[in-house]
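Peer 1: So you can see what is in the structure, the chains are spelled out below.
There are 2 protein chains.
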Amino acid sequence: MIAEILSIGTELLMGQITDTNAQYIATRLAQYGINHYYNSTVGDNWDRLCGTIKTALERSDVVLMTGGLGPTDDDISKEAAAAVMDCELYLDERAKTEMEQRFSRMNRKMTENNLKQAYLPVGCVPLYNKNGTAPGCIINKNDKIIVLMPGPPKEMRPMLDEQVLPYIGQWCDTTLFSKELKIFNYGESALASTLKDMLDGQTNPTIAPYAQMGEVLLRVTASCRTAEEGERIVRPVIDEIKRRVGDYVYSEDGETLQAVCARLIKQSGLKLAAAESCTGGMLSSSLIDIAGSSEWFLEGAVTYSNEAKNKRLGVDMAVIEKVGAVSREVAALMAEGIAKTAGSDIGLSTTGIAGPGGGTAEKPVGLVYVGLYINGKTQVKELRLSGDRYRIRYNATQHALDMLRKALMTDDK
Amino acid sequence: MIAEILSIGTELLMGQITDTNAQYIATRLAQYGINHYYNSTVGDNWDRLCGTIKTALERSDVVLMTGGLGPTDDDISKEAAAAVMDCELYLDERAKTEMEQRFSRMNRKMTENNLKQAYLPVGCVPLYNKNGTAPGCIINKNDKIIVLMPGPPKEMRPMLDEQVLPYIGQWCDTTLFSKELKIFNYGESALASTLKDMLDGQTNPTIAPYAQMGEVLLRVTASCRTAEEGERIVRPVIDEIKRRVGDYVYSEDGETLQAVCARLIKQSGLKLAAAESCTGGMLSSSLIDIAGSSEWFLEGAVTYSNEAKNKRLGVDMAVIEKVGAVSREVAALMAEGIAKTAGSDIGLSTTGIAGPGGGTAEKPVGLVYVGLYINGKTQVKELRLSGDRYRIRYNATQHALDMLRKALMTDDK
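For the record, the sequence lines run as chains A and B. Our numbering numbers the first residue of the first sequence as 70 and each following residue consecutively. Our numbering numbers the first residue of the second sequence as 70 and each following residue consecutively.
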């Protein structure tokens, strides 16, 4: 089975948005052992789009198309694919109902334009979309398959993984089993050195590192017939990675750092409160993003000004004047202060210089202190972060979470 | 002049590395007003590569190729392009000398393989490479142009900007001028209806809508000779869009909603504090992400529990018990309470049900109240949001910012 990837959209062609879909699909095809030889991008133009689909069908068995399923007149992917495959369109009742429900939930009026999205090619396998308005579909006719998927990655990816790959997987006799190890604060090159022999010698499972902001995702993928066989193949490799990398590995199921923290806090039965200066609410926000956080998250204080640090957390103004708001001492007092005033068991704090202004030779942009009060003890970590304002704030947040994770793990034993 | 972009490399095709080159080249072509209708990616395979180059030359005047100029045997882009254009290769003395000097500077031995890179098609314009070993070249023959550039972006980009674009720019006399209108809470389909005649009739400038989370970016682009001419072409169209869409348009320079708010607050001389429940710090965090926010952002309170709402903001427990924490009344009391306790002029608040649990028939997931206290008056807006927990929290944050923006604009007059 030979596949081909076709990305549609003038905004992609013009470089206004990055096409991450082609790469995502390519990776998944490779994992399934499905060959593909061409990726193409074409704009929302009828003749060029039809021509490109025809060319693709001549040389490939499956054409995976993304984009051009929107409600506007220049979205023509479905119409073009149906024309090339010689299919009429029909109004799919379920797609229509789901769309109406979606609009009604949002208290928005559904326009005539939107209804266009509920039309699908006759004889297709509809791919209903729980993450957006546009359904996709699979047209399988005359031994050729066209798959139409929406362009937004958060809609395309689950549709591909949950509906499309199982469908085309019918013609493949291997399946894939993956584990995603997430590693915080280890560094991509350091990791490459630590795992060099494993990365060089990999066959089955494969080990693919993806650098992300401040962390590395390591996907360990086995080609196998069953999930049990997959687990047997990946397990010794994962154990060896964890042996070498230690507790920098915080998850092997792709769980986020805040989700791991949330799980550990819940298990501990402790309550948490956060006091933030430079992260400015990002730390609270990332914890509150976990459903059910109201059980253990009591409150957060974004004490950006010195007055707020004093008034809300009881941080002594004399200390701030003596050592400065960005200091080991103030981070400790903030962590203790929020725990005390909120009545929580854990107090987590950040104070630092996020930039671009406000840095000095002694206290440069990127200097951040993270404080953690837990079980009556306080610890502070000094960080030297780099990057723009957002990146410094983001990484400070992640370091605070990681500090909390390690403390809760120790606490656990 | 019609161009086409061709990215070469099996590692690109397989999704092992991201192709940022195609996007970069596309953006630059657009800026030069050079049309291009296709991007393709093909692996390092002789037949498929030659076939793809031939197809590209049939439909385009200039084919911009990146990748496949390396020293190994599977790097065949130059050889394939030369074969399709019917050119011999010659050893370019300058390329050879530069390569030898490079290796000697790096204290590395030049291998026989590397010499392969110094061979160029007879009659080409060599593109010497100051950032890597592989020179590129321009083959201009029989009214068709092939440009060969190395794959690494740090080598490709300067070569494109400094050598290739000035060369093909000989045949271009237009440039592009764009404005980015950002529109909050209007809806993509509603916008398409409101602007239908303008979208249908567009020629110069063009109007391209891009839906983003909760907002639409409308890019208005003029093809012109100078920026002044561009401004003259886009201005009446932008004015007409603003006349129809009204103050839903919050920016015409691609500025974010929080950046607009930050600018308006700074101008007003007022100080702000925020009290968040369901957004849980996201509102404070998005404002604090703007550099210089310490001038006007006093503090934030993430009062997630009812006790915190009472203790930190003075929200009457009796009111919470009577109407619930997610209510118009509590949103108002939170906004007033944070302004009073923080000593700020503006108090902004959110309270709602972010889900997935916690919803009831009366108060479903997605019900959010946003409160704003400003100039001694309080207003509350009820929202019915949809999507997952993150999306509800994100959109609640954006609505709070938009409410603040509108109030500050009125205040301005």
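Check the hints yourself; a few may be wrong.
Note that the list lumps identical chains together, so a pair holds whenever it fits in one copy or between two copies.
DSS-like, lysine-lysine: derived pairs with alpha carbons at most 27 Å apart [claimed, not checked]:
| # | residue 1 | residue 2 |
| --- | --- | --- |
| 1 | 185 | 340 |
| 2 | 210 | 340 |
| 3 | 265 | 335 |
| 4 | 335 | 123 |
| 5 | 409 | 165 |
| 6 | 475 | 178 |
| 7 | 223 | 475 |
| 8 | 213 | 123 |
| 9 | 446 | 380 |
| 10 | 265 | 185 |
| 11 | 335 | 475 |
| 12 | 213 | 391 |
Please keep in mind that the hints were generated in silico from the structure rather than gathered at the bench. The structure displayed is predicted, hence computed values, not measured ones.
Peer 1: For which of the previously enumerated hints does the structure constitute a violation, in increasing order of number?
Peer 2: Of the numbered hints given earlier, those the structure breaks are 1, 2, 3, 4, 5, 7 and 12, listed in rising order.
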